[in-house]
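Starting from the known structure of chain Z, arrange chain U on it as the hints suggest.
Chains as they are written, first to last, in this note's numbering: chain Z, 1 to 125; chain U, 126 to 276.
Treat the hints as calculated values from the structure; they're not laboratory data.
Among these hints, one or two may not hold up.
[As the list claims (entries may be wrong)] Cut-off 25 Å, straight-line C-alpha distance, at most; resulting in silico cross-link-like pairs (DSS-like, lysine-lysine):
| no. | chain 1 | residue 1 | chain 2 | residue 2 |
| --- | --- | --- | --- | --- |
| 1 | U | 222 | Z | 84 |
| 2 | Z | 112 | U | 187 |
| 3 | U | 154 | Z | 34 |
| 4 | U | 169 | U | 154 |
| 5 | U | 175 | Z | 38 |
| 6 | Z | 112 | U | 175 |
| 7 | U | 204 | U | 257 |
| 8 | U | 233 | U | 215 |
| 9 | Z | 26 | U | 145 |
| 10 | U | 187 | Z | 84 |
| 11 | U | 196 | Z | 84 |
| 12 | Z | 28 | U | 154 |
| 13 | U | 145 | Z | 28 |
| 14 | U | 215 | Z | 67 |
| 15 | U | 145 | Z | 6 |
| 16 | U | 169 | Z | 38 |
| 17 | U | 154 | Z | 26 |
| 18 | U | 186 | Z | 99 |
| 19 | Z | 99 | U | 187 |
Source: prediction; values computed, not measured.
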Amino acid sequence: MYHFSKIFAIAMIVFLTGCSIGGEKKIKIFSIEKPREKLNYDMPTPLQMEEIYWHIITSENAEEVFKKLEEAGIDPVLFGITDKDYQVLARNFAQIRQKLQETNNLLEEYQKYYETESNGDKSNQ
Amino acid sequence: MIFTVLLITGIAGAGMYVMKLRADNATLKANQFKLETAITEQNKVLEQQKEDFTAILESNKKLNTLINTFKKDLQDLDKRFTKKNRDIGKLALERTKAIERIVNGGGKNAARCIELASGAEHTEAELKATLKSEINPECPALANPNYVPFQ
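This is chain Z alone, in the form it adopts within the complex:
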């Protein structure tokens, strides 16, 4: 009877605790944030422009200009534009330069926004 009581008590404990003494081991899932690799391109190399010389030819000085070219050993041929086209060319160059500046500026702003230390997490987006 005494043994029966012992077994009964143990059975009751197991029954009440639902075998939860040892329990299942919990699976731990880690999520480690790995920052996106930086692109790290160097900024484009600045241009180095070569110098050109503009000759102004009028009906009066044309002969003199060609003679000077021949004397300097340069082919006496010129590729010309009118005064109006010269203005257009100047404007076109100004626009190209502005576009270049705008693009470089945008690139710098993007770099500053996404790659500065305080905004490090943005590079993951």
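Here is chain U on its own, set in the frame of chain Z:
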């Protein structure tokens, strides 16, 4: 005997209940910690967002200023060709050598502007220029950051 069994069972049950309570308490403490961490993280995110908006506004302002400068530079260029009904063709006929010199000077300055726009470093003279005679008239805002034009 039955009383003994009941007593043992009761004590064991109570022990298990206390263990369960302790486990619950640990879970609640962990939950509380997680909630507090979440709040801190949310605050950090909000602060970061605030900083981001400020940075975006600042960047937009900078780009708008730059685009306005571009417009002004183009207007100035047009003015140089047409100021007071100026006809560069006629001027070139009358003062060929002088205009040739001016055109070549302008071409050199324009080329330097392109170099600077592509990211070239400023020279000391460009940085120091504060007078109209010292600046690069093709792109003063870009070439001479310390020059303040007379309004």
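Hint check:
1. 222(U) with 84(Z): Distance ~19 Å between residue 222(U) and residue 84(Z) Cα, so the pair holds.
2. 112(Z) with 187(U): Holds, because 13 Å separates the two Cα atoms, which is no more than 25 Å.
3. 154(U) with 34(Z): Violated, at about 29 Å.
4. 169(U) with 154(U): Roughly 23 Å between the alpha carbons, so the hint for residue 169(U) and residue 154(U) holds.
5. 175(U) with 38(Z): Holds - the C-alpha atoms of residue 38(Z) and residue 175(U) are around 24 Å apart, at most 25 Å.
6. 112(Z) with 175(U): Distance ~16 Å between residue 112(Z) and residue 175(U) Cα, so the pair holds.
7. 204(U) with 257(U): The hint holds at about 16 Å.
8. 233(U) with 215(U): Holds - the C-alpha atoms of residue 215(U) and residue 233(U) are around 23 Å apart, at most 25 Å.
9. 26(Z) with 145(U): holds (17 Å)
10. 187(U) with 84(Z): This hinted pair is violated, its Cα atoms lying about 34 Å apart.
11. 196(U) with 84(Z): Holds, because 21 Å separates the two Cα atoms, which is no more than 25 Å.
12. 28(Z) with 154(U): holds (18 Å)
13. 145(U) with 28(Z): holds (21 Å)
14. 215(U) with 67(Z): Answer holds: residue 215(U) to residue 67(Z) is near 24 Å, not above 25 Å.
15. 145(U) with 6(Z): Measuring from Cα to Cα gives roughly 24 Å; hence the hint holds.
16. 169(U) with 38(Z): holds (23 Å)
17. 154(U) with 26(Z): Holds, at about 18 Å.
18. 186(U) with 99(Z): Since the Cα atoms of residue 186(U) and residue 99(Z) sit roughly 18 Å apart, the hinted pair holds (cutoff 25 Å).
19. 99(Z) with 187(U): Roughly 15 Å between the alpha carbons, so the hint for residue 99(Z) and residue 187(U) holds.
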